[in-house]
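Asker: Protein chains in written order, with the UniProt record's numbering: chain A, 1 to 240; chain B, 1 to 436; chain C, 1 to 410.
Everything labelled a hint here was simulated from the structure, so no lab data went into it. Among the hints, a few may not be true.
Which stretches of chain B does chain C cover? Using the computed rule of at least three CB atoms under 8 Å from a CB of chain C, they are [as the list claims (entries may be wrong)]:
1) 21–28
2) 176–188
3) 232–246
4) 304–315
5) 324–331
We treat Cβ as the ideally placed atom computed from N, Cα and C, and that holds for glycine.
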Amino acid sequence: MLKMTHLSKVYRTEVVETYALRDFNIDVKEGEFVAVTGPSGSGKTTFLTIAGLLETFTGGEYHLDGIEVSQLDDNARSKIRNEKIGFIFQAFNLIPDLNVFDNVEVPLRYRGMKAAERKERIMNALDRVGLASRAKHYPAELSGGQQQRVAIARALAGTPRLLLADEPTGNLDTQMARGVLELLEEIHREGATIVMVTHDPELAARAQRNVHIIDGQVVDLAEDPRFHTAYTAAAGQIRG
Amino acid sequence: MYAYYLQLGLRSLRRNPMLTALMMMAIGFGVAASMITYSVFRAVSDDPIPNKSSQLFAPQIDSWGPQQNEKGEPPGALNYVDAMALMRAHKASRQTLIYPVMLSALGRDADSVPSSASGYAVTGDFFPMFEVPFLYGSGWNTSEDDHRAADVVLTKEFNQRMFGGANSVGKEIVLGGNAYRIVGVAQHWNPAPRFYAVWGEDGFSESPDFYVLLNRMLDLHVDSSGRNSCRGNLAFTGWDQWLQSNCVWLMPWVELNTRSDAEQYRQFLTSYAADQQHAGRFGWPANIRLLDVMAFMTQQNVVPPESRISLIVALCFFVICLVNTIGLLLAKFMRRAGEIGVRRALGATRREIYTQYLLEAASVGIAGGVLGLLLTAVGMSGVSLLFDQEIAQLAHLDLSLVALTLLVSVLAAVAAAFYPAWRAAQVQPAWQLKSN
Amino acid sequence: MQIKPILSALRRHKAGTVLIALQIALTLAIVCNALYIIHQRLAHIAEPTGVDEPNLFAMANLWGEQYTKEQAAAKVQQDLATLRQLPSVADATPTDGYPLRGGGWDNFITMKPDQTAKTTDASVYVGDEHFLRTLGLKLIAGRDFNAGEVQNMGLRESTIPPVTIISKTLADRLFPNGDALGKSFYSMSSTPTTIIGIVDTLHRQDVSTWSAPYTGQSLIWPLRLAQPLGVFYVVRAKPGQLADAMREAPKALYAENRMRMFPAKDGLVNYQQIREEAFERDRGMAILMGIICAVLLAITAAGIVGLTSFWVGQRRRQIGVRRALGATHRDILHYFLTENLLISLGGIAIGTLLAFGLNLWLVKTFSLGFLPLTYVLGGMVTLVLLGQGAVFAPALRASRVPPIEATRPA
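Only chain A is shown next, with the shape it has when bound in the complex (with noise of 0.2 Å):
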C-alpha cells in the first residue's frame, strides 16, 4: 500500500543542508495498522508529509498504492490525497467558519460528488462518530473530542483506503482519547489502512506493527542503543 525506498528529504537554507529523512524505508501492506514512533525532531512529521502527499521529497522513491508518485504534478497529487488518502490531524483542522455537516463535506465536494451522495455518506460518517445529531453545530460548540470525531468522519466520508493520523489524541484527554482510538481500530477491522505517528507507548501498543524513527531514519528498537536514550529524553521532555 505504501512503500519508500532509499527515501530522503533534504531542507536547505542558505547556510546548511538539514536531513529531515535520510535512506528512508517502510513497507505498509494492504490493511496494516502501524504505529509510527519517536522522538521529537526525529522526521516523524516529515515522514507523514511526505506519505500524504503534503510535500514533496528529495531522492529516493515513494509508490503509494503501486503508484510512483515523485513524478506527478501538483493536480494529480490532489486528485490522490482527495481519494486515497484520509487525514486525521492532531489540531483537529476543523475549518471554524464551517458546520459538522459542511466541514465532512469538503472533501467530497473536491471529488465533484452529486448532491444526494455527498449527503447521504456525511450522515453515515457521522452516524458511525456518534455525532449526527450534530451536523448543524460549528466547530467552536463542540469538545475536543467531538471535534476529533468530526475529523474522523471527514476522513472516514470519503472512504480512503489510507488513513494517516498525527497524534490524533494529542489534544484529548484520557476519555475522550479511548474512544478515538477505539473508532480507529473499528476503522481498521473494516479493511482500512492505518498509519499513525504517536509518541505514546500505550497508543503504539494498539496497533499491528510498531516502526520507530530517529534521526530520519527507521531503526530495529531493540539493536539500536541510541533509541533509549534518546527516546526517553524526549518523551521526559514531552510530559514535563
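Start from chain A and add chains B and C according to the hints.
Answerer: Using the frame of chain A, we list chains B and C on its own:
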C-alpha cells in the same frame, strides 16, 4: 461546483463584515465616480448622426493666411465669398450653408408681446442630408433656394408653441415682421452635440425653433445671431461690404458618399484655394481641410475639457480604489491560509482554490456594483451641480449604463483578485492549521 | 526605534508593503493635482469684475421689428430715458455685453496700423457717456466720455472711435512704463484710437480658458448700438432697490414699446445669476475634485487601517513574544507607527514623481498651470499624517496584546 464556491464566498464575506464593507465601498465609489463622469463624457462625445457621420464633411478654406489663421488650421467656418463659390460649384451630391438667426415671433393673440425664436438659415439640402424627420410636410426643394422663397420649416416644439401642435403646413407665420410660408414641421430632432452648428456654439443647447431659407435671410439682411470672426483691418461700413470681407460666419456642409467622392472634393477645394492664390485674393498656398463629422467635432473641441479631466481623474480614483481592494483581498485571503492548507490537504487542487477566491471576489464585485449603481443613481441627480445644465441634461442612467456599471465592478473585483487568489493558491497543503 | 529590523520585516511582506506604498503614491498624485485644479477654479471664480455687482442688472433687449439704424438709435435713446426716470434706477447704459457674460466681442490690438501679428487681445465694451457711472467703474486716470463723443453703430459697421477708455491691466500690457494715457493703439483698423481714460478693473466678457492669457484686458468705446437685432442694457439700481428696479424696468419698457423681447436666458439677470451661470463649470469642477479628494483620502485611510489590522492580527504571537521579552506598550506602538512612516515615505517618493508627471500631462493636454511645489509639500504632509492617523488604532490594539500571547499555540 461554482455554486459551492459562491456559497463559500458569501459565507466568508459575512464573516468579516467590516472588511467586506470596505471593499464594497472602494469598488462602489470607484465605479460610481467613473460611471457618473463617463455618462457625461459619453453624452458629449457621442456620434450625433451615426448613420451618416462618415459621409458628411465640413469643408474649410484658409482665407486668413499663415500669419492670422488658428495655429496653421483654417478657420472653422467660411466667409460669404468662399461659401457662395462652393455653393455655385456644386461639387457634392448635397450641400448646405448654415447660420444662426434670432427672430421675433408674434403669438396668435394680436395684443401679445413678441417672443424670441431662434433658428438656422439653411438651404434645401439641409433636410435630406441630415435626415431630419418630419411630422408634417417636408423641407423645401432646392429650386426654392434659387427662387429665394420665403419658406420655413418649424420644429415640433415651436409648432406646439405657435399652433398648438396642429398641422400648420401651408399656413403663414410672421417672423421678425415678415411673413413666411410653412412647408414642413419637423419631428423632435436635436442631435447632441449639434454637429452642424458647433462652430461658435457649445453644441448642446435646446432645440432650435425653425429652419428658414438662407437666401431669403440674406435678402432681408437678417444678421447672424452667432459667431462672426474677422482678421486684419476692418473697413466695412455696412452689410454689403461686410459680405465681401474676410469675416467667417457661414458653416458649410457637404455630403460625399464614397471615399473617392471625398477625395475628388478635397482636390476641388485645393484647386479652388490655388485659384484664389493665382487671382491674388490669397497671398498663400492652398490650405484646406475636409473633415467628417467626428473629426470636425474633435477639431472644434466639442467635448468640454471639464468632462475629459473629470473622467480621467475619476478613472485614476478607480485605479486607487482597486489597489486598495487588492490589498484588502490579500489580507483577507492570507488570513485564511490555514483553511486553504487544510482544503489543499483534503484534495483541493490549486485551480479549485484559485477559482474559489476569484468567485469570492466576483461576489464582492457584484455587491460593490450594486452599491456603485445606487451611488451612480444618486450622483446622476447631482450631475447638474457639477456640469453645465445643458450637458447635465444629456447624461442619464440607462440600461446600458446599469449593465456597464455591474460589469465593470465585477471585472474590476476579479482583476483585483488575480494576485491575492494566486497567492492563496500557492499555499502548501498543511499538516497543521497554522496562523501563518 | 531601530529601522533595520522593521525594514527586514517589511521585506517579508513585500506585496502588502508595495500595495500600501502604491496607494499612497497614487493618492498623492491625484490629490495634489485635484487640489490645484480646485485652487485654479476658485481663483477664477474670485476674479474681480470691477463693477458695482450688488446694484447692477442686465437686460438683453431684442427688437420685435426690423428697425433701420436711425429707428433703432431713437428707440435706444427713448428706452434709456425711460429707464433713467425710474425711481429705483440710478443710471443705465446701452452696451454690447457685460463682464462675465461669456463669449462677447473681442478685438486684436496692434501698436502699428500695418502690423499683422497681434500685440494682444482686448474684450470690447461699447456704451454711452453713462457707461462708467452705470457700471460703477473706478476711473484712475484721464477723463470719462462726453455726450458728443458717442456715435451710433449700425448693422455691420466697423466703426473705430478716435477715443477709448481702457482697463489698467490693458494699459500696463500695452505701455509697461505706466504712460498709457494719451497714447494710441490700433484695433483691427488703420485709424488709431487714443486712450483718454484708464479704469482700475474691468473683467472681460468671456470667462473661458481661451481668455485666460488676456485676463482683465478690456477697452470701452463711446458707441451706441443701433442694430436691427437688439442691444444690452446694463442698469444700476439705487442702493437697496435692485429688486424693485428689476421689477419696474421691463414693465416700463414694455409700456413704452411692446415690440421687444427679453429672452428667458439673459433677458433680465442680476450679478448673482450672472456669476452662477458664468462659473457653473468652475464650481462644478471644484466640487467634483473636492468630493474625489475627500473620498480618496478616506478610502486610502481605510485601506491602511485594513491592511495594518491584518498585519497586527498576523503578528499577535510575535508581538506577545516581544512583550514577554520586555517591550513596552510604547515600543510596540512606535514600531507600527515607524513601519507606516517608512512605507509612507516610500510611497511619497514615488507619488511626487507621479504628481509632477500627471501635472505635465494635464499642462500639455488641458493647459492647466504648473503644479506649485507647495501643493506637493502639502500633499506629502497630509498623507504622512493620514497614514499615521490610520495606523494609530490598529497599532494601539497591537500595543495591548498581552505577553501571554507568546505562550499560546500558533
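Asker: The structure should be examined with respect to each hint, and the outcome stated for every one.
Answerer: Hints and how they fare:
1. 21–28: holds (count 3)
2. 176–188: That given contact holds, which follows from 3 residues of the region 176–188 of chain B lying within Cβ reach (below 8 Å) of chain C.
3. 232–246: Answer holds; 10 residues pass the 8 Å Cβ test.
4. 304–315: holds (count 8)
5. 324–331: Three-residue rule met by the region 324–331 of chain B, so holds; n is 6.
The structure agrees with every numbered hint stated previously.
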